[in-house]
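Q: Top to bottom, those sequences are chains X and P.
Start counting the first sequence at 0; every next residue gets the next number (numbering that gives the first Met the number 0).
Start counting the second sequence at 0; every next residue gets the next number (numbering that gives the first Met the number 0).
No lab work stands behind these hints, which were simulated from the structure alone.
Don't take each hint at face value.
[As the list claims (entries may be wrong)] With beta-carbon atoms standing in for the labels, derived distance ranges: (1) X:Pro202 with P:His191: 28 to 38 Å; (2) X:Leu273 with P:Ser263: 52 to 62 Å; (3) X:Ile42 with P:Glu136: 52 to 62 Å; (4) X:Ala11 with P:Glu89: 46 to 56 Å.
[Said to hold, decoys possible] Among chain P residues calculated to face chain X with C-beta under 8 Å, some are: (5) Gly65; (6) Val83; (7) Met102.
The beta-carbon is built from N, C-alpha and C at its ideal position, and this holds for glycine as well.
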Amino acid sequence: MNIRRRLITVVAAFAVFAIAVMLWAPTVGSTSISLARAFDRTIPWDSNVDAQIFFVARLPRVLAGALVGATLAAAGVVLQALLRNPLATPFTLGVSAGASLGAMLAVTMKLELSLLGITAIPLASFAGSLVATGIVYALASSQRRGLSTNVLLLAGVTLNAFFSALILFVQYLADFAEALRAIRWMMGGLDVADYFPIIAALPLIFVAFAAFAMMPRTLNLLSVGAESAAAKGVDIVPAQRLAFLSASLATGAAVSLGGPIGFIGIIVPHLVRLMVGSDHRIVLPASALFGAAFLVLCDLVARMVMSPLEIPVGVVTALIGGPFFLWLLVRKS
Amino acid sequence: MPALLWADNVSFRYAAGAPLVVEGVTVRLSDGALVGILGPNGSGKTTLLRLLSGTRRPSSGRVLLGDRALDQLSRREAARQIAVVPQETELAFEYRAIEIVLMGRHPHLSMFAVEGPDDIRIAEDALAATGTSHLAERPFHELSGGEKQRVVIAAALAQSAQLLLLDEPTASLDLGYQLEISSLLLRLNQDHGVTMAISTHDLNLAASICRELVLMRDGHVLAAGPTAEVLTPEHVKALYDVEADVQVHSETGHMTVVPVRRISR
Numbered sequence: 000m001n002i003r004r005r006l007i008t009v010v011a012a013f014a015v016f017a018i019a020v021m022l023w024a025p026t027v028g029s030t031s032i033s034l035a036r037a038f039d040r041t042i043p044w045d046s047n048v049d050a051q052i053f054f055v056a057r058l059p060r061v062l063a064g065a066l067v068g069a070t071l072a073a074a075g076v077v078l079q080a081l082l083r084n085p086l087a088t089p090f091t092l093g094v095s096a097g098a099s100l101g102a103m104l105a106v107t108m109k110l111e112l113s114l115l116g117i118t119a120i121p122l123a124s125f126a127g128s129l130v131a132t133g134i135v136y137a138l139a140s141s142q143r144r145g146l147s148t149n150v151l152l153l154a155g156v157t158l159n160a161f162f163s164a165l166i167l168f169v170q171y172l173a174d175f176a177e178a179l180r181a182i183r184w185m186m187g188g189l190d191v192a193d194y195f196p197i198i199a200a201l202p203l204i205f206v207a208f209a210a211f212a213m214m215p216r217t218l219n220l221l222s223v224g225a226e227s228a229a230a231k232g233v234d235i236v237p238a239q240r241l242a243f244l245s246a247s248l249a250t251g252a253a254v255s256l257g258g259p260i261g262f263i264g265i266i267v268p269h270l271v272r273l274m275v276g277s278d279h280r281i282v283l284p285a286s287a288l289f290g291a292a293f294l295v296l297c298d299l300v301a302r303m304v305m306s307p308l309e310i311p312v313g314v315v316t317a318l319i320g321g322p323f324f325l326w327l328l329v330r331k332s
Numbered sequence: 000m001p002a003l004l005w006a007d008n009v010s011f012r013y014a015a016g017a018p019l020v021v022e023g024v025t026v027r028l029s030d031g032a033l034v035g036i037l038g039p040n041g042s043g044k045t046t047l048l049r050l051l052s053g054t055r056r057p058s059s060g061r062v063l064l065g066d067r068a069l070d071q072l073s074r075r076e077a078a079r080q081i082a083v084v085p086q087e088t089e090l091a092f093e094y095r096a097i098e099i100v101l102m103g104r105h106p107h108l109s110m111f112a113v114e115g116p117d118d119i120r121i122a123e124d125a126l127a128a129t130g131t132s133h134l135a136e137r138p139f140h141e142l143s144g145g146e147k148q149r150v151v152i153a154a155a156l157a158q159s160a161q162l163l164l165l166d167e168p169t170a171s172l173d174l175g176y177q178l179e180i181s182s183l184l185l186r187l188n189q190d191h192g193v194t195m196a197i198s199t200h201d202l203n204l205a206a207s208i209c210r211e212l213v214l215m216r217d218g219h220v221l222a223a224g225p226t227a228e229v230l231t232p233e234h235v236k237a238l239y240d241v242e243a244d245v246q247v248h249s250e251t252g253h254m255t256v257v258p259v260r261r262i263s264r
């Protein structure tokens with residue numbers, strides 16, 4: 000039994016799959032293009048239509064899908080271990096509701112601000128996710144020394160409901176066009192026009208993934224129980240803080256890029272666990288890679304199924320995810 | 000003999016303003032000791048074990064590991080010397096038994112390290128010592144109560160710690176498993192030189208394997224010392240409000256406790 004070799008082999012297999020999907024997806028669409036031609040440097044850019052479609056029209060969207068999918072799936076893994084609950088999602092703790100409220104307010108108040116070229120809606124949604132994270136964190140920390148995962152869960156669920164009520168209220172006051180625009184955002188979409196929004200979200204997601212990289216063995220121990228993890232050498236409170244804050248930060252960044260795309264954070268980790276077991280050293284990187292491929296494929300379905308009409312990718316993931324979630328519940332009991 | 004682990008007049012409350020659940024307790028574990036901690040529900044046994052393992056810090060008093068204060072050690076350092084078998088192990092995800100046992104190597108591995116041949120050999124030895132080698136590849140949640148408990152003990156052994164603290168290791172097990180676990184613990188103590196403290200409700204288990212007892216009630220130590228001196232009808236009565244007959248069993252040579260009647264306080 001060589002554990003290192005198994006880790007590398009399994010993660011490499013998932014990486015190959017993810018890269019293959021990301022290369023193939025941009026070739027599919029209303030105009031089909033050739034990958035070989037798109038990468039052929041001997042054809043001048045101006046006359047290489049395949050390359051233009053690949054790099055300008057489709058690749059940004061695929062990359063956005065991959066980044067959002069990887070982030071939501073990995074954040075789901077971290078939060079499920081932290082809360083010791085396999086049915087938790089990156090949105091369980093209120094991050095997405097906070098982000099949606101932020102986006103909603105930006106739309107209805109017609110905010111025109113921008114920071115470093117990032118426009119109002121992503122900025123406001125990220126701010127909203129930070130506010131939600133801050134509130135949940137403060138509530139869970141206030142009880143006693145440390146972080147209560149029970150309070151974390153209850154506060155998150157309650158905050159989700161409360162923010163949803165505020166969203167409805169703001170929506171009610173908004174005019175028709177604004178409300179429609181906000182609802183459309185909340186369905187989640189990867190209609191990214193260029194590379195800039197992706198680059199803007201990258202630093203935060205990179206920081207979160209650096210934190211994730213330190214965690215896998217700790218997540219294994221946390222999922223066995225906090226008391227037993229402490230007895231095996233885990234500094235519980237710092238570990239829980241790092242897990243919660245990095246997963247929330249990553250989720251906030253992903254949502255500001257693609258909207259609150261549901262179910263990725265629960266379907267992907269579960270499928271991965273069914274395939275490779277529960278060791279987080281495999282589950283975490285494999286989920287990130289599989290999440291990237293999965294969301295890119297869902298977006299492909301969203302682009303193609305009613306072509307030329309595009310349906311929001313969040314609708315596709317919810318249509319797949321809802322029944323899947325119920326199946327998981329039934330399978331559990 | 001110098002104490003390996005020494006709780007010196009420790010008190011503990013779970014939150015400011017809450018009542019003390021452990022109050023002025025002194026316990027010494029010398030090298031090679033096998034100590035039973037007895038007491039009714041809520042007497043502070045579990046909390047005392049948490050203080051001894053360093054997963055909680057005493058509100059007052061101190062815990063010494065050798066000549067060092069336990070709270071000066073990092074969690075990792077402490078876990079290399081003190082292993083704990085918790086009362087219950089409830090997994091959030093499905094792990095195989097060997098994966099659970101390998102988790103015991105955590106305090107010996109740096110952040111990005113992966114278990115090497117030595118770690119795997121230690122885990123396999125721990126499985127062998129607890130008679131669970133044949134269960135290594137089985138999913139933990141499919142094991143019986145006694146098998147689970149033995150795998151959890153193996154995970155604690157894999158920490159290669161000289162001290163093992165067990166919180167009611169036989170609580171939910173049937174008679175056969177109780178006997179199996181108690182003989183396993185005795186063997187680990189005698190053959191592998193593991194120093195142990197065991198909290199338990201089972202007076203007869205404690206009487207049959209523990210050489211010393213600590214009796215706790217309402218967060219205080221009622222009596223402590225060699226089993227034969229401490230396990231008396233008077234102490235059982237003071238501990239549980241139960242009149243009991245304490246005898247030496249003719250066949251096993253162990254002390255046995257037969258409860259006779261409950262008396263009102």
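Q: Each of the hints needs a verdict: does it hold here or not?
A: Hints and how they fare:
1. Between proline 202 of chain X and histidine 191 of chain P the CB atoms are about 51 Å apart, so this pair departs from the stated range of 28 to 38 Å.
2. Against the hinted window of 52 to 62 Å, the Cβ-Cβ separation of leucine 273 of chain X and serine 263 of chain P comes to about 57 Å, which satisfies the hint.
3. The hinted window of 52 to 62 Å between isoleucine 42 of chain X and glutamate 136 of chain P holds, with their beta carbons roughly 55 Å apart.
4. The given range of 46 to 56 Å is broken by alanine 11 of chain X and glutamate 89 of chain P, whose C-beta atoms sit roughly 33 Å from each other.
5. Taking 8 Å as the C-beta cut-off, the interface hint given for glycine 65 of chain P is violated, the closest approach to chain X being about 18 Å.
6. Hint status for valine 83 of chain P relative to chain X: holds, with the closest Cβ pair at about 4 Å, below 8 Å.
7. About 6 Å separates the beta-carbon of methionine 102 of chain P from the nearest beta-carbon of chain X, less than 8 Å, and the hint is met.
In summary, the structure is inconsistent with hints 1, 4, 5 from the numbered list given earlier, while agreeing with the others.
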